[in-house]
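Protein chains: 4
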Amino acid sequence: MSTDFHQKSVSLFSEQLVDKGIDLNQLVSQVSGFQIAVPSWALGAGGTRFGRFSIGGEPRNLEEKLDDIGLLAKLSKRTDAVSLHIPWDIPQDVQAIRDKASNLGISFDAMNSNTFQDYGQPLSYKMGSLSNANAAIRKQAVEHNLQVIEIGKTLGSKGLTVWLADGSNFPGQAHFRNALQGTTESLQEIYAGMPEDWKLLLEYKPYEPNFYHTVIPDWGTSALICRQLGERAKVLVDLGHHLPNTNIEQIVATLMHQDMLAGFHFNDSKFGDDDLSTGSIKPYQLFLIFCELIGGAMDGAQAWESISWMIDASHNTKDPIEDLIQALESISQAYAKALLVDRVKLTQCQLDGDVVLAQEILQDAFLTDVRALVREARIQSGGEADPLAFYRKEKIREKLIAKRGKNAQASGL
Amino acid sequence: MSTDFHQKSVSLFSEQLVDKGIDLNQLVSQVSGFQIAVPSWALGAGGTRFGRFSIGGEPRNLEEKLDDIGLLAKLSKRTDAVSLHIPWDIPQDVQAIRDKASNLGISFDAMNSNTFQDYGQPLSYKMGSLSNANAAIRKQAVEHNLQVIEIGKTLGSKGLTVWLADGSNFPGQAHFRNALQGTTESLQEIYAGMPEDWKLLLEYKPYEPNFYHTVIPDWGTSALICRQLGERAKVLVDLGHHLPNTNIEQIVATLMHQDMLAGFHFNDSKFGDDDLSTGSIKPYQLFLIFCELIGGAMDGAQAWESISWMIDASHNTKDPIEDLIQALESISQAYAKALLVDRVKLTQCQLDGDVVLAQEILQDAFLTDVRALVREARIQSGGEADPLAFYRKEKIREKLIAKRGKNAQASGL
Amino acid sequence: MSTDFHQKSVSLFSEQLVDKGIDLNQLVSQVSGFQIAVPSWALGAGGTRFGRFSIGGEPRNLEEKLDDIGLLAKLSKRTDAVSLHIPWDIPQDVQAIRDKASNLGISFDAMNSNTFQDYGQPLSYKMGSLSNANAAIRKQAVEHNLQVIEIGKTLGSKGLTVWLADGSNFPGQAHFRNALQGTTESLQEIYAGMPEDWKLLLEYKPYEPNFYHTVIPDWGTSALICRQLGERAKVLVDLGHHLPNTNIEQIVATLMHQDMLAGFHFNDSKFGDDDLSTGSIKPYQLFLIFCELIGGAMDGAQAWESISWMIDASHNTKDPIEDLIQALESISQAYAKALLVDRVKLTQCQLDGDVVLAQEILQDAFLTDVRALVREARIQSGGEADPLAFYRKEKIREKLIAKRGKNAQASGL
Amino acid sequence: MSTDFHQKSVSLFSEQLVDKGIDLNQLVSQVSGFQIAVPSWALGAGGTRFGRFSIGGEPRNLEEKLDDIGLLAKLSKRTDAVSLHIPWDIPQDVQAIRDKASNLGISFDAMNSNTFQDYGQPLSYKMGSLSNANAAIRKQAVEHNLQVIEIGKTLGSKGLTVWLADGSNFPGQAHFRNALQGTTESLQEIYAGMPEDWKLLLEYKPYEPNFYHTVIPDWGTSALICRQLGERAKVLVDLGHHLPNTNIEQIVATLMHQDMLAGFHFNDSKFGDDDLSTGSIKPYQLFLIFCELIGGAMDGAQAWESISWMIDASHNTKDPIEDLIQALESISQAYAKALLVDRVKLTQCQLDGDVVLAQEILQDAFLTDVRALVREARIQSGGEADPLAFYRKEKIREKLIAKRGKNAQASGL
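Respectively, the protein sequence lines represent chains A, B, C and D. Just so we're aligned: the first sequence equals residues 1 to 413 in our numbering. Just so we're aligned: the second sequence equals residues 1001 to 1413 in our numbering. Just so we're aligned: the third sequence equals residues 2001 to 2413 in our numbering. Just so we're aligned: the fourth sequence equals residues 3001 to 3413 in our numbering.
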């Protein structure tokens, strides 16, 4: 990609904006300002129940995870926060971690608790945690979440993300209503333990690791619980947590209609999985989601600033840093394209029942090549024109392997 | 089926009840008391967009539809109500219709409105009805519903079922949030027009006849609207209106947990369709749904009497009356089996985390052959031991064809 | 779209081709040469089982259908053939129809038979046609297909497309193996009746209008039958005829690997439907399909010329001609983008296991804005720069309504 | 379950057989003779990518696995073979293992190879094995399979099951046709290395652990490869390896129609998973599958004896031995019920187009309580009347834990 070609592309792109009454600098500013958090577990190779293939040079501790995210931030200028997972990322020296993060320009996004695994705690989560029929286990799980909040407070985090794996594998195993009630009460205790400037982000997922029923399977159940918690509890949408064919962009709109959208976990999927790189399978869906997000914010349904953004994918056939560079780029493109939608005309089409033109308007935005815009925004922010090319040219993975070892393995999924 | 074998079967069945502390007469009484409404459109052959194959002798008007349901009631003793669809079933002489129904032991279940077709009304529903971007069309659709309520009042109905086909086929066509808001406001007007002893049953459906988005796609959206209407608005579950793999029994439990279950439209499906005979594809799912219903009522989550029951299926490869006989039998069996579940033991398994035994308890009930019980209940109520055999032996379809004609075609879907 | 902007866009686009060693004129020529047939039933408003909303001015007979396709050909330069459906399109005066088509530059693509409806033939297809348990019905259905071939011969068609709706709605209704065997034998008779320069295109579809089982549900079954027919029988892929999440592009590759791909029916779907405009829901999937098509042809797996192309979609919320303009444009774009894939580099990535770069290569092609290229090809071919804008500016639908009437209704689905 | 009640149940059951012209002893003999193999990996707790919960007392080596299967055989009398997985179950002392198995009445079913994990072999399977773009990796994977055959020969096994995890996670990663061709050639080498009295059982699976494409995703691809191998290569059906809504019973019929059904891996699933206990979710589907199996064998499509049977499920919330007891019971019930179908009447219904009666005939068999029959068959074979009750009464798991330890962990999935 020559500088000359980039300039010509930006120039032609900006010509297209005139008709739409959009200002290039405004667009650049919006794209530059859109930052997406990265979870600490995305920096190691993920795996499946059939095995895991190491990448080499994976970060061995929280410090090294911060290093990787710092690098990612420097190259891409699209991320400025990390989302930690407890117990995988308990900081040993809080001040040192805070200083390190601060130096790297990284803040601490929502904290993640873990009550889906046994890692030495007294009571097993085999039959559930916040929903467990056994009150002592529910209590243990609540206390774990309260500890996660405490750790987060020391780091400056402002939110707690709860993904609840609780559910059942066979009919009869769980009492649906009691499990839902127990979960609600457990979350009420957790909510009560959050500082007043925190929010609780409650995920839903229809299946896995439980394969007959999940306590919070859909947005409706998550919203039902959140309403019983308080206004700082909202629904988190993970793109990979839906039944086949679900219209996710509509769910986004429905949540914003209620001011109930906590934020996103970005990834992609083809078969109900949730770990493929964002935008790698269904880029048009991603664009349509951003159309709803922008529309909802413009209409005043829910404030843009109230929504959290995070990538949540960690597959095992890509270098994690390269994977994240691709994901950040795809998300930025989808956002940029959605900013190009001519909303005045679209609204008129909807009033006129002009289905054909409405489609044309959306596709006009989607078909526009926004790569020059995204690149320009990155360059203006001080990032690399082509982060992936830079990463490879500088042989960064090779250097990480040399430093951390071939078999260094990050904790997490 | 000899009388002798029936008696032996009842006898062996009742032996099984002893251990469970269940009384046979109590069971017979419960099964006898469980009545399921039949919609007027189920008495003609349905069809697909690819065509329709006539059955012959279909009821040509509301009077003949009542005749068919009266016959069904007499043979099966499992139905005592009809659910009318307006404009297909507008009674010409209300008193005559009431008298006829009364003589047949048939009452009028919830009324059904139709704003998914154009049938001569001034404004087209092509771009939606209660959700339409055009206020005049919304108004027309509201008024249609109010008229349906008026008709229902004259017949003694106590409810209005709203199935809303509104949605869109292409991204951009509809404004999700506005459509949801418009629908809510339209329904508020309709709700305000209902008598105080009526309830509003609000369906959801993820797709068809719109194939990109449906305004009320899932239980969560239906419940969201109902909460804004009032406590007599509840969510109607149609078994065929779910995305692939949905855990419907959990939705039932979640709705009862909120006292939000309006009732059921029974049918079955394999591929996301909604017109196969109830119990013909997934009988175990039907049983699990009844387990939740009975459990929810026993626990006091929602009163059994507050739930409405209706069949909604009209496929075109079966004689509709035979189809309904089979459906009523399958539903009765599922209900009867669910009554056999040993709930004390099941609860203990759930507390103990005894997944294996919990499964055994449910399957013990499901595997029990309850046909003798259902038959006994029918005989004691004055119905036919074997309604289908009777129907065929008496050559009833042949007689209907002779009377009504080979090409008589019922209105409806 | 100003001419100046178009020229600048073409110029910038062609700059991008240099690195890839692609010649602009070659590309233009490929895009211009890619022609997609239109079925006669796509020119009227389709509908669902819940109703149909008229468009107005629909073609009332075969002549008017040809007029509409002629118009479409003139504007878009992307179609040059019509696919007829019998009995909907039986020509009364063959020579006149041939002359008319010839004057419009339209040839006759594969013929379509209909054994899924009753339209006055002696025996009903209610329980199936080519698969029917009754030999007389199978014979009738075979003879219908032979008649369709005869009609096609008079028009110069060179193929017969068989979409078989046969199947069953309930377990037990059909004998799977007998139905498959009967179908194979019926098709052998039809195949034997085809001229030697014809091909038989055999569709598969997992469900609808039968909802428990379809005799030819998947590509494997279609290929199994084709192998028993002869080498001129191949598998037709309709994009909307797959189970949720199916990897269609892989099926295309697998069929080409066997030289077994007959061709395509283009449309799009979100929920297992098959009538949405091509490219309106999953444009990336459409691109990936073209990547396989081009790759398969380049590698010599199957000759490009042996593959047939047709649109098969007729939804009822768009003007059909506008819908087809959009579909032709989307297909052309997908094809053009797939031509941009750097196959040498991609192959190297596959050998190297470089998953990240392989994705980059595909996305680089997909993200490129090819609208200028497609427009340029159309202009050079003598078509309209913007067919949709032209169609609206010229008020063609209004003229058609004036001529044919508001309630003119085309035959077909 | 009292002996008296069992006798009465058997007696009433046998009365039902008279009308159908079925002999009780014949039935008992058929049920007794139906034996299902157990894989070595089903004896430990499985897990998900989110973790694994130990059962305690899991078998620590092949000898202990044989002990567990011997116990299962003794209690249930429904299994007499084990299916080994290499490298997890490499026997150290072949003769000792053969003797032990022989003493327990256990033979060696098909062998399973593993090329989906890295376990110390020189070249990684991260980018595939039999399909790998790298010939050296394909060769290594072929040789592994040949070694598995050698081990199997020493044990008296007569088959090799190949489940190929190969595929890709992202578009572009794999070359579909080359991967298919490479796989076919690799399997040809393996097939050539099999003794002449062995068969090759080739699985298919649409996704997992690869989430964009699997090299052998469906029965059609598996059959395509098998045809190129030879007549001793056939398609293995794993119930959990299908896209949503797939009609699996039809696939069974289609394979038998071609004499291409290798056998089964039994399990159940709700969301596309493949590890739930057989019959726990969709018991009617399991029954319908057995209807096809029995019908196909009776009609001479494919010999019953040519089909292999195995359980393949290992979830982690049940004691594996209890899980297997439940699975064996469910499979036996489904088989027994399918034997009750009145095939003469069913065939007549299919000829008559009597859909209603066809459904009645299948459901009559399914609704019949066959537990007494299955129990009687087990008792007559010398097994326990109630294996699960016996296992618990004898506190077998507690004894295994005492002997093997709380944290003993079986190898495998």
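One or more of the hints may lead you astray.
[What the hints assert, rightly or not] Which stretches of chain C does chain D cover? Using the computed rule of at least three CB atoms under 8 Å from a CB of chain D, they are:
#1 2050-2061
#2 2119-2133
#3 2206-2213
#4 2217-2230
#5 2240-2254
#6 2354-2363
Simulated from the structure, these hints should not be mistaken for lab results. From a predicted model like this one, the values you see are computed outputs, not experimental measurements. Note that beta-carbon positions come from the ideal geometry of N, C-alpha and C, so glycine has one too.
So, going through the hints one by one against the coordinates:
{"no.": "1", "hint": "2050-2061", "in the structure": "violated (count 0)"}
{"no.": "2", "hint": "2119-2133", "in the structure": "holds (count 3)"}
{"no.": "3", "hint": "2206-2213", "in the structure": "holds (count 4)"}
{"no.": "4", "hint": "2217-2230", "in the structure": "holds (count 7)"}
{"no.": "5", "hint": "2240-2254", "in the structure": "holds (count 9)"}
{"no.": "6", "hint": "2354-2363", "in the structure": "holds (count 5)"}
The structure is inconsistent with hint 1 alone, although it conforms to all the rest.
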